[in-house]
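Dock chain B with the ligands against chain A, hints included.
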Amino acid sequence: MTAPLLETHDLVKDYVIGGEVLHAVNGVSLTIKRGEFVAIMGASGSGKSTFMNMIGCLDVPTSGTLLLDGIDTKTLDSDALAEIRNRKIGFVFQQFNLLARTSALDNVAVPLIYAGLGYTERRERAQAKLEAMGLGNRLQNTPAKLSGGQQQRVAIARALVTDPLMLLADEPTGALDTQTSLDIMGIFQKLNDEGITLIVVTHEPDIAEYAERRIIFRDGRVIEDAAVKSRRRAVAG
Amino acid sequence: MSKLLNSIAGWGVNIAIAMTALRTNLMRSILTTLGVMIGVFAVILAVAVGNGAQVSVTQQIATLGSNMAIVVPQPDSGSGPPRSTDRGRLTERDGRAILRQVSGVSAVAPQIRSSVQLVTPGRSATTQATGATPEYGIVSNVTASEGRFLTDGDVGAAARVVVIGQTVADKLFADANPVGETVRINRVPFKVIGLLESKGSNLGNDNDDQIVVPITTLRQRLQTTAMQGPDDVTLLFVGFEDEDSLFTGQQEIKRMLRDRYRVPKGRISPFTVRTTTEIAETTGQVTQIFQAVLVAIASISLLVGGIGIMNIMLVSVTERTREIGLRMALGAKRSDIRNQFLVEAAVLCVIGGAIGLTLAVLAAAIFQQVADFPAPVGLDTAIMSVAFSAVIGIIFGGYPAIRASRLSPIEALRSE
Ligand SMILES: Nc1ncnc2c1ncn2[C@@H]1O[C@H](COP(=O)(O)OP(=O)(O)O)[C@@H](O)[C@H]1O
Ligand SMILES: [Mg+2]
Chain A
1 MTAPLLETHD LVKDYVIGGE VLHAVNGVSL TIKRGEFVAI MGASGSGKST
51 FMNMIGCLDV PTSGTLLLDG IDTKTLDSDA LAEIRNRKIG FVFQQFNLLA
101 RTSALDNVAV PLIYAGLGYT ERRERAQAKL EAMGLGNRLQ NTPAKLSGGQ
151 QQRVAIARAL VTDPLMLLAD EPTGALDTQT SLDIMGIFQK LNDEGITLIV
201 VTHEPDIAEY AERRIIFRDG RVIEDAAVKS RRRAVAG
Chain B
1 MSKLLNSIAG WGVNIAIAMT ALRTNLMRSI LTTLGVMIGV FAVILAVAVG
51 NGAQVSVTQQ IATLGSNMAI VVPQPDSGSG PPRSTDRGRL TERDGRAILR
101 QVSGVSAVAP QIRSSVQLVT PGRSATTQAT GATPEYGIVS NVTASEGRFL
151 TDGDVGAAAR VVVIGQTVAD KLFADANPVG ETVRINRVPF KVIGLLESKG
201 SNLGNDNDDQ IVVPITTLRQ RLQTTAMQGP DDVTLLFVGF EDEDSLFTGQ
251 QEIKRMLRDR YRVPKGRISP FTVRTTTEIA ETTGQVTQIF QAVLVAIASI
301 SLLVGGIGIM NIMLVSVTER TREIGLRMAL GAKRSDIRNQ FLVEAAVLCV
351 IGGAIGLTLA VLAAAIFQQV ADFPAPVGLD TAIMSVAFSA VIGIIFGGYP
401 AIRASRLSPI EALRSE
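Protein chains in written order, with the working numbering: chain A, 1 to 237; chain B, 1 to 416.
Among the hints, a few may not be true.
Stated by the list, open to error - One-sided excerpt, in silico: chain A residues whose CB lies under 10 Å from chain B:
(1) Cys57
(2) Leu58
(3) Asp59
(4) Asp79
(5) Glu83
(6) Arg87
(7) Leu98
(8) Thr102
(9) Gly195
Unchecked claim - Far from chain A, by Cβ distances over 10 Å, these chain B residues were calculated:
(10) Leu31
(11) Gln54
(12) Thr58
(13) Ser115
(14) Gln128
(15) Val179
(16) Ser198
(17) Thr216
(18) Ile268
(19) Glu278
(20) Asn311
(21) Arg327
(22) Ser415
Simulated from the structure, these hints should not be mistaken for laboratory data.
Just so you know, even glycine gets a beta-carbon here, dropped at the ideal spot from N, CA and C.
With the rest of the complex left out, here is chain B:
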């Protein structure tokens, strides 16, 4: 017990000796600490940004809706770009067939996407218009926070009505309530019937910068790119009852579309059917790689900081060889000398780590405010990084410390 107390007291003394030595060469200590500080700062920020990207991606995918498959008339290119020559057709009739024939399908939302220009007196905005049916609201969780969403009546009558996103509303109507107002879309007057519930933004992608109009209206009045047939759509959202039916349904849809369009065996299907689960997985992998690369780069700067520590500790040992000899003459054991320099390196690193951590937390908060991007610094990251910097100190301070402790007392004492 008293031995333990003594050894704790011994470390206390080492810390005191280290602090004195570091204070004696204050400028040098600060510059050395700076290296570790920047390293820890970079690592923590990289982890935080990586975490933020993951959170953001997860949120982004959640805004798509869960248990949903997306069907587009393009061959599945994996992660590469699609070849437009192989583009197939996709129609509302295909959508109805899917709803009828594939088991577990709760709703199908056919959509046409088109870029449009909106004008109100004195203001204008460019955004993406989705021509949709009421099913769009059900499948991808879109509702109106003010006014109402599309109805079957709107679609049947090809009514000139529009539901606008918050960002579009801000641009066109500022603070005024847009519901009931008129807006010209590609010169055609539309009545605003609702405001889309805000879904925020993720990874710089503003989910509120869009408008929804009846699919029939878009086809008749707003379509800019020509479709091959009157029934053609850009894509289908297929909602499923649960995750199991989503999984089997994906395969069923693929098979069904091959049959409907008589794609010969061995030919690549001109349709891609992706589930939200798959999208989440691939993007999750991409962000993980992104995070790993970030952290790897940041770690290099921490490594450089550690080498800086080693360099300074070697200089310190050389400069203080005579002091080491004196301490040995006065009874210091090799382990005492080793610990003294180890503690010195560890103190440098822990101070650098703590400052780096503080700055990283601040930077992450500022980043979050300015870039509207989550960068959470967890307690685990904080503890890990400070512990990590202490380990850096012990590893890179270890060699100089052991070198100091191996000096012969008389040779050390005789050095100038």
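The shape of chain A in the complex, shown without the other chains:
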């Protein structure tokens, strides 16, 4: 029996602001299995991003346990965490976070630098992922020459280029118009069908309906965790 992809026990993140302790994440325990497509919802300030940053190994919990692929992240040093971010996790951000004045191809290849791959292999893999995102004719474009939807697809290609176990997306459609948002959710569904685990933060209920499981945060706690009843399927194309 393999361990679940992600397991948290009583996960807590405190911030001290002006002498007052703020429990941004206040005791979250949940399990996410391989291949799940999870939507995280909740009001602004409810702790969604803080939670995502911890499970993405970008931030360290104040207390509680985080098991990633069966490994307790408390036992890992900064190099090992960097390696997990590189190999097992792909990030998609609301603001895309592409390197300016850098071609789509080079942007997508960045994680492969840190994976220690050679130049040719980096280019080949990056190109393949961009082609899979329908950007085969935009390889040399810099972010400034791409639309928002295209930029987010470059970012998804970058997140996928090391073939990670899961994709973490914090409001990936927050900066996009409705149609483009639906396109992105379609891409996520397709990737999920191919087996990748997806955790997507959104505050739009209809976007959340593309997922198969919906978790709702309030004041740093999970107040609802259930399967999506009438799941939407993206229209092909």
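Positioned in the frame of chain A, the structure of chain B with the ligands alone reads:
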């Protein structure tokens, strides 16, 4: 093996990232490089000029002749100025006594020095005249490249003959052959019998700007400053057979002169006896201090350049905090981030160092041409300075780089 290849490839990537970042802020990169460039330029030029001074001094001393002692009738003042009141006398007779009594002496060349004016039709020159005997040629390696040098006959007859240096010849006769021509020295007509072999110039001192006449002639016809006796000389050059006899001979001469002039015990001798070896040593020390001061001043500018690098790297880290966070999110280890910024600083420094080196080599060459002063830039200086600038980059880029690598991924990513 593959790990090694990977790490080399990793550095290649870092260089690529660094070049991109530097190109993005081209103007800033150029200005930063300029600091290092000027620093390296100054250091290399200082070393070159210092080396040149040493070479020049060595050459200058070599023109004096080797294994020689110089005797002057002045108390030994060390490096300070002599006190003229204590001036003693020195005579040709003293010279003959030295030749007779001091062991290992091969020749003694008595000299009187005097400033003179030379005139040919339509031209004139002022120079230093040395009244000498043929021994002067032997002891200090002076020969005639055209015509002939002084003979005992010239001295015995107090002949009005002169051997002139190349610079004097150029001034008075331009391109014409001066040998056999007549020149008026302090209004007295002299016949030019020879041209001194050129000894070039060192440290702005032209060795060819002089003339040599028989000591007897100078005494009778050209002397401007009065001597106390008919036999008095300005100085003696004493040539020795080898370095060992020079060393013991110096002490013997000092003792002998004290005896001859009955200098009481405890009184400072009114004579200075210096060997060419000593002169070489003291001047060598002086030029070394000169070089050290030059290099120290130049190093300060390199230090300032290094601080400039640090400043710019700190700005760069601050500006690119978000990029650092992103790279960490994508899997960059702390060491990757550190190396990225280190390489960036090192690239700035090495480029600055290389340009500074090139300019210094050019400047040294121009200096050599214009000032007629050797300023050799050795391969060792070149390698050392470029390596030095890379080290500057690593030291001054190191702090910002380590600071960047210590950022927490999420805090870096959240920064604006
Ligand atoms: N670095 C921080 N320092 C202080 N407080 C923070 C920090 N990050 C988040 N918070 C606070 O923690 C709470 C949860 O924030 P966040 O996880 O970003 O919420 P969400 O993503 O659900 O909008 C908020 O009250 C926010 O102000
Ligand atoms: Mg958020």
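If you check each hint against the structure, which ones fail? Violated: hints 9 and 21.
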